[in-house]
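> Here the structure of chain F is known, so what remains is to put chain V with the ligands in place on it, guided by the hints.
So the protein lines, in turn, are chains F and V.
Each residue of the first sequence is one higher than the last, beginning at 1 in the numbering used here.
Each residue of the second sequence is one higher than the last, beginning at 1001 in the numbering used here.
Since the hints were derived computationally from the structure, they do not count as laboratory data.
Do not take every clue at face value.
[Unchecked claim] Derived DEER-like restraints, expressed as beta-carbon distance ranges:
1) F:ASN13 to V:GLY1073: 19 to 27 Å
2) F:LEU28 to V:LYS1097: 43 to 51 Å
3) F:ALA37 to V:THR1096: 26 to 34 Å
4) V:GLY1073 to F:LYS175: 22 to 30 Å
5) V:GLU1205 to F:ASN104: 22 to 30 Å
6) V:LYS1147 to F:PRO84: 35 to 43 Å
7) V:ASN1075 to F:GLY158: 29 to 37 Å
8) V:GLU1118 to F:GLU17: 28 to 36 Å
We put the CB at the ideal spot given by N, CA and C, even for glycine.
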Amino acid sequence: MDVINLSCNVDWNFIEEVAKESGQNPSLCYQCGNCTAGCPYTQYFDYPVSQVMRLLQSGQKDTILNSKSIWLCATCETCTTRCPCEIDVAHIMDTLRIIARRENRVSEKDIKLFYDTFLDSMKQFGRIYEVGILLAYNLKSGHFLADSDLGPKVMSHGKIHFFPKKIKGRDKVAKIFERFQDKVKKHD
Amino acid sequence: MTEREYAYYSGCSLEGTASEYDASMRAVLKELDVNFREPDDWSCCGSTPAHTVNHVFAAALAARNLALVEKIGLNTIITPCPSCMMAFKKAQHGMTKSESFKNEVNELLDEPYECGVESKSALQVMYEDIGLDAVSQRVTHALPGLKVAPYYGCILNRPPEVAQFDDPENPISMDKILLSAGVDVRDFAFKIECCGAAFGVVKREMVNQLTYKVLSMALDAGANCIAVACPLCQQNLDLRQGQVNSTMGSNFNIPILYFTQIIGLTYGLSPKALGMDKLIVSAEQIIRSRITVEELKKREETEAQVKAKKPEKKPVKEEAKPEENE
Ligand code: SF4
Ligand code: SF4
Chain F
1 MDVINLSCNV DWNFIEEVAK ESGQNPSLCY QCGNCTAGCP YTQYFDYPVS
51 QVMRLLQSGQ KDTILNSKSI WLCATCETCT TRCPCEIDVA HIMDTLRIIA
101 RRENRVSEKD IKLFYDTFLD SMKQFGRIYE VGILLAYNLK SGHFLADSDL
151 GPKVMSHGKI HFFPKKIKGR DKVAKIFERF QDKVKKHD
Chain V
1001 MTEREYAYYS GCSLEGTASE YDASMRAVLK ELDVNFREPD DWSCCGSTPA
1051 HTVNHVFAAA LAARNLALVE KIGLNTIITP CPSCMMAFKK AQHGMTKSES
1101 FKNEVNELLD EPYECGVESK SALQVMYEDI GLDAVSQRVT HALPGLKVAP
1151 YYGCILNRPP EVAQFDDPEN PISMDKILLS AGVDVRDFAF KIECCGAAFG
1201 VVKREMVNQL TYKVLSMALD AGANCIAVAC PLCQQNLDLR QGQVNSTMGS
1251 NFNIPILYFT QIIGLTYGLS PKALGMDKLI VSAEQIIRSR ITVEELKKRE
1301 ETEAQVKAKK PEKKPVKEEA KPEENE
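In isolation and in its complexed conformation, chain V is listed as follows:
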């Protein structure tokens, strides 16, 4: 694999409640030989609150960080958080499309941003740059019994003109990455439905109702785990799962893992290094089910042998019997 260097922007939530996303992301990128550097002294991207004030202002808060990346001579920035990524992509889009917008943004900055940085989600980098083959090459462990519903959330791939990645209605990048890691992936109809985003604190019931639907649909798809790529999705689905159960009368108990945590588990990384202990709904069962790929092969071989040795019971008689109760 060719060596690539990226700027890595973790974003504020990954310093706080989503520290396990940061830890697992760094660990997995390292396994994949990705070189990344953090721009020094990065600031908050502005997220949703900034664009309710003014678009130039919002773009400036994001562009300050892109300018820092330019300064260290890199031209691609990886952000694990879709909200940060959207702030960057929107600033970039607006500033390259309109010269006057670019000037207005730069008027607010100490040092101008020349628009030389492309932002990508970590998912996009893994899918497009690193490639599925490289992702699967590192796999040493299997997670038998795990059935994952990949949940993309709303803005990872939309709007297509700005996101420029995967399909806006039926994204498949996370599905394919998890499949490459040998994981059983379920087709999930709610993969792009909004989870309630940043309204958790202010409109808690609304968020609980929206996440209820996402959780139910994942169970309907036969999943026993949801994979996410967004700190807000994770928080709404995991931390608030208890709230959902008490407001909606449900009894969900479904672990919500960052996709990087799942990949990290298949790479044999320690649960501690992947921050598995930070999950509110326990992933203990998933961790305990982990075996090496060799063990899995042996297990499958023995199972096949047992099947082969035991000649099929002659079911003829049984079947021929009419059902007594009918």
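Only chain F is shown next, with the shape it has when bound in the complex:
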């Protein structure tokens, strides 16, 4: 296990930023470990979720934002449901992911790419188009054959449609994206 020196690189602003943006008070965490005990992904995390909370209390911005954990978290809400201090831990994980995205340091590039491909499809058609997302993801990620073994199964059971369903209001959906991007630019 990595030893982290908690006395150096303490970023007090970061603690403040996460608290404000998530609406949660990380200092309430007393390290009981309930969240980690229930987290189905903990075996894949580089820092278990209770450790992320501790790192947050001690302002370890870099360690947190570079961690895989924040991207591997599936928002299953187990930690939030079980935290005795009523901290919305999953929401903090979500907020950390958002900040990592904003600061352009994403440890799990493929996961982000998959999400982005999903959102692109949504912006373009208004609804998402599963086959298109898979193909686009495979192309962009370089994992050309991801899930290609499932293709025949899906096709023989008539589980896909071959063309996207474009909705009439897709420009309205695209506008939500644009307005949001404008807002972000203004704040920059």
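Relative to the frame of chain F, chain V with the ligands by itself:
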């Protein structure tokens, strides 16, 4: 039963790989005399990807749909997909709790959302509004031999503050609905463990390992079928069952049915109408075992008679014999 009208939001997966969930849901709701209307021109709820970008943005993508429901004058929306439901419930929760959040969301929308729509999962509507009695009244068929493990997945009932439905640690609504339909339900310890959610494509091995546990626990519970209420759970457990077998060296062959498909079968609906042919792990045996409730009664009566006629063999001697091999 009083007539109720709901908005029905199927969501993107139900147009694609989960079309059997949509078909069986519509068929069962119709049997239960539920009136539902689809909001015109609905868009994607934003699902998980949107909330990795920004919470206001995510809420806006969901709220656009809630505003459409408001526009057609309805105040409850049914969503079969837990991911859509969570997107709606979170938007609603955030916007009613904070005026400034509500304003920020509405700034992104063409038409503002006034927060007048409650979202419910189809399971919640069946359990709370329609009621177990009404669910059982329509039952005409039995599925003897079927032993079901009800699998809720992670976010259907959690976090409790947002979901506001059933128990977050040991939900029972699906158990009770299936019991009302006369189905043998097994107590299943992994009913709320995560199946790997949307990571199937990107982190396939991780998902295979997680679903392996869910499938094993269902078998341990004595189940020969898993009932689900989520298109992602279904996909991970059914479509990827072959992957699990090849990565984990297992040989699972357990059908994963939407709970609405099981109920539809007990209502005598045709397997085709319930999209049973879309399941990857075949449910043929379950379908073939279906008999009418009368047939089941007759069968049980004959069995009882046979038992009554055959006087119990006198096992006394047998038992008195000491076991030879010991
Ligand atoms: S929400 Fe994320 S961190 Fe919390 S238990 Fe689930 S996977 Fe783990
Ligand atoms: S469950 Fe809550 S209090 Fe306990 S370690 Fe996790 S965040 Fe801290």
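> If a hint holds in the structure, say so; if it does not, say that too.
The hints, checked one at a time:
no.	hint	verdict
1	F:ASN13 to V:GLY1073: 19 to 27 Å	violated, 48 Å
2	F:LEU28 to V:LYS1097: 43 to 51 Å	violated, 19 Å
3	F:ALA37 to V:THR1096: 26 to 34 Å	holds, 32 Å
4	V:GLY1073 to F:LYS175: 22 to 30 Å	holds, 25 Å
5	V:GLU1205 to F:ASN104: 22 to 30 Å	holds, 28 Å
6	V:LYS1147 to F:PRO84: 35 to 43 Å	holds, 36 Å
7	V:ASN1075 to F:GLY158: 29 to 37 Å	holds, 36 Å
8	V:GLU1118 to F:GLU17: 28 to 36 Å	holds, 33 Å
Comparing the model with each numbered hint stated earlier shows that hints 1 and 2 do not hold.
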